[in-house]
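Trainee: Single-letter residue listing:
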Amino acid sequence: MSLPRLTTHEMAARLAADIPDGAYVNLGIGMPVIVANHVPAGRQVIYHSENGILGVGRSPEPGEDHDPDLINAAKDPVTLIEGGCYFDTAESFAMMRGGHLDLAVLGAFQVSATGDLANWATHDATYPPAVGGAMDLAVGARTVYVLMRHTTKDGTPKLLETCDLPLTGTACVSRVYTDLGVFEIDRDNASAHVIERFAGVSAHALQSVTGFKLVE
Amino acid sequence: MIDKFWPDMAAAVADIPDGASVMIGGFGSSGIPFALIDAVCAAGPRHLTVISNNTGSGETGVSALLREGLVDKVVCSYPRSRGSVWFERLYQTNAIELELVPQGTLAERMRAAGAGLGGFFTPTGYGTALADGKETRMIDGRGHVLESPLAADYALLSAYKADPWGNLVYNTAARNFNPVMATAARCAVVEVGDRVALGTLDPEAVVSPGLFIDRVVVREQP
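Protein chains in written order, with this note's numbering: chain F, 1 to 216; chain X, 1001 to 1222.
Rather than coming from a laboratory, the hints here were simulated on the basis of the structure. Hints are not guaranteed to be accurate.
As the list claims (entries may be wrong) - Cross-link-like lysine to any residue pairs, in silico, SDA-like; alpha carbons within 25 angstroms at most:
id, chain 1, residue 1, chain 2, residue 2
1, F, K75, X, T1136
2, F, K213, F, L160
3, F, K75, X, G1199
4, F, K153, X, F1034
As the list claims (entries may be wrong) - Examples of chain X residues toward chain F, derived with CB under 8 angstroms:
id, residue
5, P1102
6, T1122
7, S1148
Claimed, not checked - In silico negatives: residues of chain F with every beta carbon more than 10 angstroms from chain X:
id, residue
8, K75
9, R97
10, K153
11, N189
Glycine residues also receive a C-beta, built at the ideal position from the N, C-alpha and C atoms.
With the rest of the complex left out, here is chain F:
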């Protein structure tokens, strides 16, 4: 059975709709950075980049003159908005760990019913593990939202009773935005409250591709 699923941009737009005006936000590399393209007009969001930028702006246009040193966490060229500033890595991570960022949006391989996050290592031992700033964001941002597909490509649930991949952080995820719905993790009861089920997705179908109990 194939479920109607949101596209990546639709997922990003759904999450972007929940970012409050005036928030300081770190977007993880991969799918989360797309969220920046979908923040509703009239809402001001200040983006933090781990390599030492507050006020990350749009990508430079092709052919536009740009500063090669000015890159984001994914090492892609970016610009600085008016009022933005630079700082070193130690200060950048003090912003994260110190609870000064309102929100981090992270990608994930797996999220558990108690809000554990696994997003940095797989079981493939030939591939070097890489953690970057993920563990610091997981523990440090005031709120952590995960943006990910609901299942792996072969249909295996990514929302699980417990993660079997190496953890990035424990009990750190508040909400998960997938291509099937939006979920508030209930850490105390090891379940999740369904905030939204997208059109055409039945409660039964959703539960069947989720590894822990959903509460409608």
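Given chain F, work out where chain X should sit, using these hints.
Mentor: Structure of chain X alone, referenced to chain F:
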């Protein structure tokens, strides 16, 4: 008169011995001391421990040191950037040791070394494989991991401008690890785009005070 400028890159790195620990500034290709790294490759010290956020890309930067077989161990947070082929080759043949450190912990361990601290407790990594074997403590109801200071024999750094005392300013996001590494190395060597006269840098805008800097070399303009 204090003047920390050296005549060329080769002279500034000539005394790095076999077995030295070397911090290398930069994030991706931003703020990497490419010319100093080339000079180290030419000098050829072996069995180095390289401490850097990434492991280079393509054939330049940290990748060049790896390709030349000069590095026994890498301490880094993200050795999986696009084009980091030399690290991957060495890793897959067990020809290099990797100490993986969360990025904020990496920076703070350097800060601790530079600031004369014996370590710190951080919530980062608590309950994960990167905390295995480390002392932990509950602080205000939250799990923390004890991390140790991280110093190095040398730091190879990149900055925008320096004055003769080694006061530094940087260009945009090229700052990244460079200032904190300057504090944590016994000998901090910096390549800069420009030498400026004493008194011309705005004292309010100096990012790395010159006392942290030992040697400065002007890089040739491409």
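Trainee: Are the hints correct? Go through all of them and say.
Mentor: Against the structure, the hints:
1. For a cut-off of 25 angstroms, the pair hint linking F/K75 to X/T1136 is broken: about 34 angstroms separates their Cα positions.
2. Distance check on the hinted pair: F/K213 and F/L160 sit about 9 angstroms apart at the alpha-carbon level, within 25 angstroms; holds.
3. Our distance criterion of 25 angstroms between C-alpha atoms is broken by F/K75 and X/G1199, whose separation comes to about 35 angstroms.
4. Using a Cα cut-off of 25 angstroms, the hinted pair F/K153 and X/F1034 is violated, with the two alpha carbons roughly 40 angstroms apart.
5. The criterion of a C-beta within 8 angstroms of any C-beta in chain F is met by X/P1102, whose closest approach is roughly 4 angstroms, and the hint holds.
6. Against a cut-off of 8 angstroms between C-beta atoms, the interface hint on X/T1122 holds, since the closest Cβ of chain F lies about 7 angstroms away.
7. Given hint, X/S1148 at the interface with chain F, is violated; its Cβ is 16 angstroms from that chain's nearest Cβ, farther than 8 angstroms.
8. At roughly 4 angstroms from the closest C-beta of chain X, the C-beta of F/K75 falls inside 10 angstroms, breaking its exclusion from the interface.
9. The non-interface label for F/R97 is inconsistent with chain X: the shortest C-beta to C-beta separation is roughly 6 angstroms, within 10 angstroms.
10. Interface exclusion of F/K153 from chain X stands, the closest Cβ pair being 20 angstroms apart, more than 10 angstroms.
11. For F/N189, the condition that its CB be more than 10 angstroms from all CB atoms of chain X holds, with the nearest at approximately 20 angstroms.
Hints 1, 3, 4, 7, 8, 9 from the earlier list are contradicted by this structure; the remaining hints agree with it.
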